[in-house]
Amino acid sequence: MAGTVARPHYAETTRRAVASSIGRTVAYVMLIVLAVAVIYPLVWMFLNGFKSNAELFGDPWGLPTTWRWGNFVKAWDLGVVRYLMNSVIVTGASVVTTVLVSALAAYALTRHRIPFAGAITVLLLGGMMLAPTVALIPLFRLLRAIGIFDTYLALIVLYTAFRVSFTVFLIRAYMITLSREMEDAAIVDGANRWQIFWLVIMPLSRPIIVSAALLQALFAWNEFVFALVFINSGDLKTLPVGLLAMQGRVLSDWPVLFAALTIASIPMILLFLAGQRQFIRGLSEGFGK
Amino acid sequence: MASRLGRWPMLLWVAPAVLLLVVFVYYPVVENLRLSLFRWNAFSPVDVWVGLDNYSALTADPVFWSSLFNNIAYAVVSVIFQVGGGLVLAAVLEELVRGRLKGFFRTVYFVPAVLSLTITGLLFQFMYNPQIGLVNGFLDAVGLGAFKHSWLGESATAIWAIIAMSQWQSVGYVMVLFIVAMQRIPRELYEAAYIDGATRRQAFFRITVPLVREMTLLAMIITISGAFLVMNEVWVMTAGGPANSSHTLGTWLYKSAFFNDQMGYAAAIAVVIFVITLAASIVQLVINRGKTVQY
Amino acid sequence: MRINYRARASFPLLALTVVASLAVAACGGGASPTPAASGGTGGALEGKITFLHKYSDPRYAPYFEQVVAAYKAANPKVQIEIQAYGDQDVKDKLRVLAASKTLPDVYFSWAGDFTKKFVRGGLAKDLTADVTGAWKDSFTPAALEAYTYGGKLYGVPITLDAKYMVYNKKLFADNGVTVPTTLEELLAACDTFKAKGFEYPVTFGNQYGWPAIHFLTQLNPYYVPAATMQKDYDPLSGEFTDPGYQKALEAFMDINSHCLTQGANGISHEAAQAQFLASKSPMHLIEAVEFFALTEKGGAPADLAANWDFFKLPPPASPAGDTGYLEGAPDGFLVNPDSQHLDIAIDFLKYLTSLDNAKKLVADLGWLSPVQGSATADNTFPQNVTVIEDIAKAKGMAIWLDTVTHMYVANAYLNGAQAMLDGTKTPAQVMDDIRAAAAQAKAEEAASPVPTQ
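Chains as they are written, first to last, in my numbering: chain Z, 1 to 289; chain W, 290 to 584; chain B, 585 to 1037.
Source of the hints: derived by calculation from the structure; they are not laboratory data.
All C-beta atoms in this analysis are idealised placements derived from N, C-alpha and C, irrespective of residue type, glycine included.
Worth double-checking, as some hints may not be accurate.
[To be verified] SDA-like mimics (lysine to any residue), calculated; alpha carbons at most 20 Å apart, straight line:
id	chain 1	residue 1	chain 2	residue 2
1	B	Lys864	W	Leu500
2	B	Lys977	B	Thr960
3	B	Lys685	Z	Ala213
[To be verified] Pairwise CB distance ranges (calculated):
id	chain 1	residue 1	chain 2	residue 2	range
4	W	Val575	Z	Ala274	35 to 45 Å
5	Z	Leu271	B	Thr1010	32 to 42 Å
6	Z	Val26	W	Ala304	51 to 61 Å
7	Z	Ser233	W	Ile361	50 to 60 Å
8	W	Glu480	Z	Ala274	31 to 41 Å
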């Protein structure tokens, strides 16, 4: 930037420099203290998985005397992995269905003039305001009537239905900003709607699709009430519910529970560490528009 | 363009979304309203009509009001720590920390957010244990032993302990959202301000805060609506106890339906939650109208 | 950028196939019970039943898995799906299943009004005609009585349980404390222990509220005449106006201030037990089914395993009620009247409560069985044998207060006890809540139609 600016007085510059480096040090100290406060509970959780029950009660702060991998084996046997797999299946499937259904609807709403567009938009808007808890009790009888009670499908369908509104609006906000040039070129080339959608619009919308998928994954992974109520079979329990059930089972062998918590945490932490760059970029590009 | 490709067939494209919404979202909400006018439970063979009795019971129920209060407390604290704290943290990280260290801190603060709420709920149940938990142990270690409590076992502290856990988990998430928003702010604005003699604090309040307004709004919506729907962590840590002191609307609904055998009453609570979240959404829409950020 | 659209037309199809296959996988993952054809005539049983129990604890679950496996081996055409839950989550799970009309064929239920709820809702089969002859005679009569309502039997008991105060004999001897025979002596013993440096003479964890209720379950019969108590526990006639109820609450609070772990609302029962196992607390109020954890085979430290005994929670010096009541109840299973395979369900229950399996239960789990002759000095530890004699001597069983009464009254007690421990309510206030709950329960029960089976 051009233009001359009067240089501040020398003393003032020093004072400001000193103040700024004190401030900087203070800030760093606080950041480090905060980081310790954030991470230490997780470290504690990890270490406790190796202790014996007596050690846990006798010396909660200390390191385990021997590294009891047996606790982890027990936790594994109790079914942590099955809960993880169930969560992966339900989350993965619901991400695919939600993004698909929402993208289709967003495309139709933004690129075409469909009849009842206004009413449909209001319907979708309203859907964003309705929370899952409110539908819990009537959904009993409904799921039972449809016959999908206690199945993966029940959760996948519900997770999709309750997030489709938000996702449609998310994708729509992005699609509206896409220029029509490529679409027009495709039409000239003789493409039909399907092809335009899959080969032009979707690739162009990748950032928001990624963001939508990530947000949906976060929701589905953590969803609790529906998973608690609508899944009864031990084989189908998702992670949040399965871990809670495990707590009720190992009432007296706490290190095993800690081991289970650690096993359940590791995949997500690893996944995040590996993919955080993409995650941030996805959020950034998606929200940036 | 549209007319060349036809109009009605496009309805098929929105059909799945609309169908899902109508069947699984709208219908249950309306049905829930109807069910709240009856008295029934898991064991009753018939629903007994009671009109608005469930609602008058609601207004007279001290647990309903304490649950509502807990939700409001949740919302207020979350806005302060998650939105406010997240904003400040993001600003500090963006401004004061360079390169790899920035990525390191960002990762560390964000890790709790990727953990399932049940994991963190169970972990903190142990952390708050009066005999072996870290919290009391830490207080002892720094000489503040007088402040030890049975955090989840006393009516006065239970819900606050849970709210504190929520902040631990979610501040990092909101911080990342703000970092994303802040990265879009052109550096030149800051440089110009510093050359003009602004302090960092002034730059924060005069540049950063206004320019992340949209994200602030989004973060507030997320935390406030989340605060009224909270159920998982409370259920895992205290199941609403002791003596129903730490219930939120969500857990009280669940308990009424599946422990207290009062499903009609639970439906009435659901209607209240519906009204609150509806109001919050409408407010969000109104505020959001036509407000975009210009750099 | 020129894209060859015709060649790429298959992409959407590919995506749809992926989604479709996911859907198929999802459907396949469901576990809905298949309605099979009815069993054969007189010959081998055929079909599938679901069996729900609350013993998912890894110490207990294997027993049930083994019994089910043995039954399936004897009846190859029968399938039994086990649904195992924990003590706390079985409570809401049963309601979820009942409300969605997917109750298993055989399912667990506590005795008292808890079972009566299922009976009132037409969800429990009348087993009077099924449990007859030698099978019926094999049970301790008191156990069957707990599951009998209006003269009809609705449940099959599989364990017998009683509540006792276990104590560390060595700590008692070392500190000059004798086994208390009255409540006042118990309080004095606690004071002695406190003076000798024991922070909490009776270790106590009340996280889910029922441990406090178990104190009250034994105290109520001591302060309230038996007939009044039976009347009040029945939802249709409950009033709770006898002053003895409040005295029982006050007695509990006395025990709390002299003896119990403070801050107990935040500590689980099992965590409190760890203090007893480590010989840090000399006493703990537990159920006989938990005695196994105090033996060496059950994992207790050797010095404790050789040094413990039990006594019943003692009555006050001048009780207004009956001291002959012992707190305890059987645990048992109900049968879903809509089951497609009632024959298998009942046959399985008969197998589960056969003398051999009852003996296995006693030997493997250290529990007591209501099947007579199942526990002898050979297959169980000495304290268990004493318990059986003690139960036989009791005038009657006082069933757990949170399952014997209507849910509203149970909740008033559960929350009231927690509030008293927390200091937020007085015994008088809790009694007000209990009376209000009883009135509400009475009004609703009177107004509800009762189904006939």
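Hint check, failures only: 1, 3, 5, 7
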